[in-house]
Amino acid sequence: MKRKRTRDECPVWLLLALNAFLYISSALYSPFLSAYYTQNGLSPSEIGILMCVGPVASVLIQPLWARASDASGKAKTFAALVMAGTALSLLTYYLGHSFGGFLFSSVLLALFSTSVNPMTDAIVIRNANRCHYNFALIRMGGTVGYAVVVLLAGIYLRRYPAAQFFLAAASYLALMGFVLIMPRQENRLPVSPPSGRKESRRKPAFLRLGDIFEDKKVVYVLAFAFVFQVGASFCSAFLGVYAVELGYGQSQIGLLNCISASSEIPILLGIRKLTRKFGALHLIAASTFLMGIRLFLVSGGSLPFFMLAQAMQGVTYMVVHFGCATFIGGCVKSGKSFQGQSVLYIIQAGLASIVGNVLGGRLADLAGNRLSYRLTGGFVLLAAVIVIFALYMQERKERRSPLS
Numbered sequence: 101m102k103r104k105r106t107r108d109e110c111p112v113w114l115l116l117a118l119n120a121f122l123y124i125s126s127a128l129y130s131p132f133l134s135a136y137y138t139q140n141g142l143s144p145s146e147i148g149i150l151m152c153v154g155p156v157a158s159v160l161i162q163p164l165w166a167r168a169s170d171a172s173g174k175a176k177t178f179a180a181l182v183m184a185g186t187a188l189s190l191l192t193y194y195l196g197h198s199f200g201g202f203l204f205s206s207v208l209l210a211l212f213s214t215s216v217n218p219m220t221d222a223i224v225i226r227n228a229n230r231c232h233y234n235f236a237l238i239r240m241g242g243t244v245g246y247a248v249v250v251l252l253a254g255i256y257l258r259r260y261p262a263a264q265f266f267l268a269a270a271s272y273l274a275l276m277g278f279v280l281i282m283p284r285q286e287n288r289l290p291v292s293p294p295s296g297r298k299e300s301r302r303k304p305a306f307l308r309l310g311d312i313f314e315d316k317k318v319v320y321v322l323a324f325a326f327v328f329q330v331g332a333s334f335c336s337a338f339l340g341v342y343a344v345e346l347g348y349g350q351s352q353i354g355l356l357n358c359i360s361a362s363s364e365i366p367i368l369l370g371i372r373k374l375t376r377k378f379g380a381l382h383l384i385a386a387s388t389f390l391m392g393i394r395l396f397l398v399s400g401g402s403l404p405f406f407m408l409a410q411a412m413q414g415v416t417y418m419v420v421h422f423g424c425a426t427f428i429g430g431c432v433k434s435g436k437s438f439q440g441q442s443v444l445y446i447i448q449a450g451l452a453s454i455v456g457n458v459l460g461g462r463l464a465d466l467a468g469n470r471l472s473y474r475l476t477g478g479f480v481l482l483a484a485v486i487v488i489f490a491l492y493m494q495e496r497k498e499r500r501s502p503l504s
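The sequence shown stops at residue 504 when you use my numbering, and every number in between is there.
The hints are simulated quantities; they were obtained by calculation from the structure and are not laboratory data. Backbone N, C-alpha and C fix where the C-beta goes; we use that ideal spot for every residue, glycine too. Mixed in with the good hints, there may be bad ones.
As the list claims (entries may be wrong) - Quick list of simulated restraints, FRET-style, between CB atoms:
id: 1; residue 1: L273; residue 2: E109; range: 24 to 32 angstroms
id: 2; residue 1: A274; residue 2: E495; range: 38 to 46 angstroms
id: 3; residue 1: E109; residue 2: M407; range: 36 to 44 angstroms
id: 4; residue 1: L280; residue 2: L408; range: 19 to 27 angstroms
id: 5; residue 1: Y260; residue 2: R499; range: 54 to 62 angstroms
id: 6; residue 1: R462; residue 2: Q139; range: 42 to 50 angstroms
id: 7; residue 1: L195; residue 2: V248; range: 27 to 35 angstroms
id: 8; residue 1: Q139; residue 2: G468; range: 18 to 26 angstroms
id: 9; residue 1: E498; residue 2: Y260; range: 55 to 63 angstroms
id: 10; residue 1: I365; residue 2: H232; range: 18 to 26 angstroms
id: 11; residue 1: K316; residue 2: Y260; range: 48 to 56 angstroms
id: 12; residue 1: K433; residue 2: R372; range: 22 to 30 angstroms
id: 13; residue 1: F405; residue 2: Q494; range: 17 to 25 angstroms
Stated by the list, open to error - Pairs of lysine-lysine, DSSO-like flavour, derived with a Cα cap of 27 angstroms:
id: 14; residue 1: K316; residue 2: K377
id: 15; residue 1: K497; residue 2: K317
id: 16; residue 1: K174; residue 2: K433
id: 17; residue 1: K373; residue 2: K316
id: 18; residue 1: K497; residue 2: K316
id: 19; residue 1: K497; residue 2: K433
id: 20; residue 1: K373; residue 2: K433
id: 21; residue 1: K433; residue 2: K377
id: 22; residue 1: K433; residue 2: K317
id: 23; residue 1: K377; residue 2: K497
id: 24; residue 1: K433; residue 2: K316
id: 25; residue 1: K377; residue 2: K317
id: 26; residue 1: K317; residue 2: K373
Please model the complete structure; the sequences and the hints are all you need to start from.
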């Protein structure tokens with residue numbers, strides 16, 4: 101007999117729709133933004149500055165959204181607000197085509213867009229766990245939606261590149277609509293208990309790990325996330341610039357991003373079995389190392405090398421994304437769900453992306469795209485080995501003293 105769904109239980113199709121439109125919205129503009137800047141005459145350094153506006157906002161602004169949302173217990177209301185703000189901000193890109201105009205739009209967009217992903221992830225993971233849904237299959241809605249839309253968008257934007265902002269704004273409004281029909285329970289969440297230490301409240305979230313997480317190994321997760329994202333941010337921010345430099349256009353960029361998204365599908369089908377067999381932390385470590393190899397492939401400087409590198413998206417990005425999100429979702433304290441995901445986004449979309457975008461842009465100016473990809477790849481490989489060694493020593497120590 102089929103179990104009857106309660107009023108506060110979220111249907112699986114709604115979680116699929118949330119994930120699909122979250123990544124469809126991003127697919128309509130994010131992969132094409134750096135190429136759009138290049139076509140409007142901006143230099144790699146200027147592009148690096150624009151691309152780091154979002155990461156800076158992730159560090160400074162996103163924690164405020166996280167704290168306000170968790171303190172109010174109204175996740176649905178706050179998520180809808182940042183999605184509406186993101187949609188309106190995208191339309192300001194039509195106000196000007198200079199560096200100053202793009203900077204204004206980037207700042208306004210970053211005030212809202214940097215909180216869309218962690219808010220949506222927190223909502224989806226919470227409801228998937230509550231209703232015993234397979235999060236990997238739900239996440240596939242985003243992967244398939246991204247793969248299809250980014251390919252079609254690349255073909256269309258080849259003729260109308262400025263249309264990306266209107267299309268993305270419309271998609272974010274659709275995403276907001278799905279959030280608003282979430283069960284009322286999403287506006288009646290338990291609020292995070294106030295900390296008893298004033299010193300603790302003054303520290304940023306990523307320095308208050310003990311107040312948010314129950315597992316101390318989250319430090320290694322965040323370390324791998326940082327190293328990985330430095331490479332991933334540089335790779336995604338300047339792949340379009342590199343492609344345009346070599347004579348490729350929006351359709352080829354769309355194809356490359358379709359390949360990357362499609363490579364995530366087999367990983368999502370088997371990620372739960374892999375996690376049970378090897379552990380999320382070990383998979384994250386391996387994928388961080390592979391990110392360094394992926395950067396070396398991009399430095400090959402031709403479409404076949406680009407395609408091969410993008411085909412590694414599944415074994416790099418998706419493993420790290422899924423592993424980090426589920427590890428953190430499983431060890432976060434009660435009432436801290438959004439703050440837990442926010443810490444991850446501060447590290448990845450914030451600190452690591454600032455390094456990848458700003459220093460990466462400067463490096464590309466000084467050394468050229470080919471050499472800068474190789475240097476960044478070397479950094480990721482070396483840093484990954486260092487963190488892997490530290491994790492190995494920690495686990496070895498735990499095996500020797502199991503009671504500690």
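> Failing hints, ascending?
Replying inline: Violated: hints 4, 6 and 13.
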